[in-house]
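Chains D and A supply the protein sequences, listed in that same order. The end of the first sequence is residue 205 by UniProt numbering, with every number in the run present. The end of the second sequence is residue 325 by UniProt numbering, with every number in the run present.
As a list, the in silico DSS-like pairs of lysine-lysine whose alpha-carbon atoms are at most 30 Å apart:
{"no.": "1", "chain 1": "D", "residue 1": "K50", "chain 2": "A", "residue 2": "K310"}
{"no.": "2", "chain 1": "A", "residue 1": "K309", "chain 2": "D", "residue 2": "K50"}
{"no.": "3", "chain 1": "D", "residue 1": "K66", "chain 2": "A", "residue 2": "K232"}
{"no.": "4", "chain 1": "D", "residue 1": "K66", "chain 2": "A", "residue 2": "K309"}
{"no.": "5", "chain 1": "A", "residue 1": "K322", "chain 2": "D", "residue 2": "K161"}
{"no.": "6", "chain 1": "D", "residue 1": "K66", "chain 2": "A", "residue 2": "K121"}
{"no.": "7", "chain 1": "D", "residue 1": "K66", "chain 2": "A", "residue 2": "K179"}
{"no.": "8", "chain 1": "A", "residue 1": "K48", "chain 2": "D", "residue 2": "K50"}
{"no.": "9", "chain 1": "A", "residue 1": "K121", "chain 2": "A", "residue 2": "K232"}
{"no.": "10", "chain 1": "A", "residue 1": "K194", "chain 2": "A", "residue 2": "K223"}
{"no.": "11", "chain 1": "D", "residue 1": "K172", "chain 2": "D", "residue 2": "K97"}
{"no.": "12", "chain 1": "D", "residue 1": "K97", "chain 2": "D", "residue 2": "K164"}
{"no.": "13", "chain 1": "D", "residue 1": "K154", "chain 2": "A", "residue 2": "K322"}
{"no.": "14", "chain 1": "D", "residue 1": "K50", "chain 2": "A", "residue 2": "K289"}
{"no.": "15", "chain 1": "D", "residue 1": "K85", "chain 2": "A", "residue 2": "K322"}
{"no.": "16", "chain 1": "D", "residue 1": "K167", "chain 2": "D", "residue 2": "K97"}
{"no.": "17", "chain 1": "A", "residue 1": "K322", "chain 2": "D", "residue 2": "K50"}
Read the hints as simulated data drawn from the structure, not as lab findings.
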Amino acid sequence: MASTPSTAMTALRSVVKAGETSKMGFLRTFSRSAPAPQTPYPFSSTALSKSSPTPNPTPNLLSPRKGAGLINHINEQLRETYDAKSLTTTLFSRRHKNRILAGSVMTVTSYTSSARTTTSTFSGVLMGVRRRGIDTAFRLRNVIAKVGMEVDFKVLSPLIKEIKVIKRADGKSGLKNLGRAKVGYLRERPGAMSQIASALKTAAK
Amino acid sequence: MKGLFRSLRPLGSFRSLATASEASSSTLVQPVVDNLPESSTSSVIPGKWTPYTQRTGAIARKRGMTALWDNDGRRWPVTVLQLDACQVVQHTPPPPSTTPTPSSTAHLHTLQLGASDRPEKTTSAQLLGHFRKAGVPPKYEVQEFRVTQDAVLPVGTEISAGHFVPGQLVDVSATSIGKGFQGPMKRHGMRGLKATHGVSLTHRSGGSTGQHQDPGRVLPGKKMAGHMGAVKRTTSNLLVHRIDTALNLIFVRGAVPGSDEAFVSVRDAKKGVVYKAQAGFRKGKEQDKWLGQGVTGLPTPGMSREGAKKAGWEGVVEWAGKGQK
Chain D
1 MASTPSTAMT
11 ALRSVVKAGE
21 TSKMGFLRTF
31 SRSAPAPQTP
41 YPFSSTALSK
51 SSPTPNPTPN
61 LLSPRKGAGL
71 INHINEQLRE
81 TYDAKSLTTT
91 LFSRRHKNRI
101 LAGSVMTVTS
111 YTSSARTTTS
121 TFSGVLMGVR
131 RRGIDTAFRL
141 RNVIAKVGME
151 VDFKVLSPLI
161 KEIKVIKRAD
171 GKSGLKNLGR
181 AKVGYLRERP
191 GAMSQIASAL
201 KTAAK
Chain A
1 MKGLFRSLRP
11 LGSFRSLATA
21 SEASSSTLVQ
31 PVVDNLPESS
41 TSSVIPGKWT
51 PYTQRTGAIA
61 RKRGMTALWD
71 NDGRRWPVTV
81 LQLDACQVVQ
91 HTPPPPSTTP
101 TPSSTAHLHT
111 LQLGASDRPE
121 KTTSAQLLGH
131 FRKAGVPPKY
141 EVQEFRVTQD
151 AVLPVGTEIS
161 AGHFVPGQLV
171 DVSATSIGKG
181 FQGPMKRHGM
191 RGLKATHGVS
201 LTHRSGGSTG
211 QHQDPGRVLP
221 GKKMAGHMGA
231 VKRTTSNLLV
241 HRIDTALNLI
251 FVRGAVPGSD
261 EAFVSVRDAK
271 KGVVYKAQAG
281 FRKGKEQDKW
291 LGQGVTGLPT
301 PGMSREGAKK
311 AGWEGVVEWA
321 GKGQK
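Construct the entire structure; sequences and hints are all you get.
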């Protein structure tokens, strides 16, 4: 049976009812830091609830003529929740001064399971960044035991623990600026991969 | 003018449902329903969902797709459905002398729902009269839903996204995207013929159309080229991943027929909710186990916008991951 104490619920209901009219409005406008007490969600024992990021939506969000604006709004709200480190707006953005360039050497530490107990690392050269807002992803290539391996990572995945840039391909710190967004041609250039391997070795030291 | 019509809606016409507890408990709030017939053949507790309750669906707008991450770190592509002024326009009770039988539907009430306000200027005089009788603004889309007596909603009730519970399964119907005149490979998934090795001019055709002298004709229903799409299709058993009662959004897992901005009909899944719960009930399962994914009940008769606000629970409710929180 769902475990909601009936007396507490009726007590909460009376508080909500009492403060419902002008008092609630006053509270909402003037004390955002002290939200009104919320009753637990009664229809599911496992669902998670949180306050809506848009509590008072404008008519263009409630009844838009075209839904693209609403989807953009939703994606922006989701990005704020999922991208606490602002990776999509700095490291993986199109025009930020500290954006990562294709050809750079990176290391990604990710959790191997939802329990988040063990991690695994993958290092490699950045083949390219696929920029799609909350679905932004990047691909790393490395040669491990003479086998070329490419791994895709979603930037906003909760299972990614850390993304570290070891060497940037900006032409200043050893690696050449390759001058393009996607460097798939490196698959046919083993010489370039050995350069990356040496960069990783020095980083390990 | 729009504001005038909105104010005609009966405010606070019913309350939301509490937990799946007994009728005598103080937490259960009785719904105030109008237009109920004199004789009540149902002996169910009002406001409590049962596996034999048939709730109303809702008419939503397909706004687009996005992705949500759960606490386990798993990514779920979701379709965003928005309830755009979905109101009850008409309630038709069943004829007085119909007793419910397992197979017939004659005992069910009919709720006519309307969605998306439209300007009076573009509405015909006949429809204007129909909506004015209900006291609701004119609507673009109108659909009917069959409901049992305990799930009847008063005319004018605006259905909220809180009508659906994260973790429940829904069936979503809409008119599929029209593809025009298409060949059998696209239309019926036929494999066509070889690209080379002497095949002349028929690489994408359907091949043979029958046998020989017997039957000596092409049988009716033979899969051939023709018009494809622009028909009503239902995608079943889609999980409701998240609801947002402030923006009136239902995030449904997976894809849904129809193009963006299309009107879709969202209902409790026939197989995933109704049949599953009925089978569980017959086997004597616990009430909390009738529905899966931690869902303990469904708002009955429904959840209005006023009800969702008064209920006091937080605006966004989401399906939790299976693993750790």
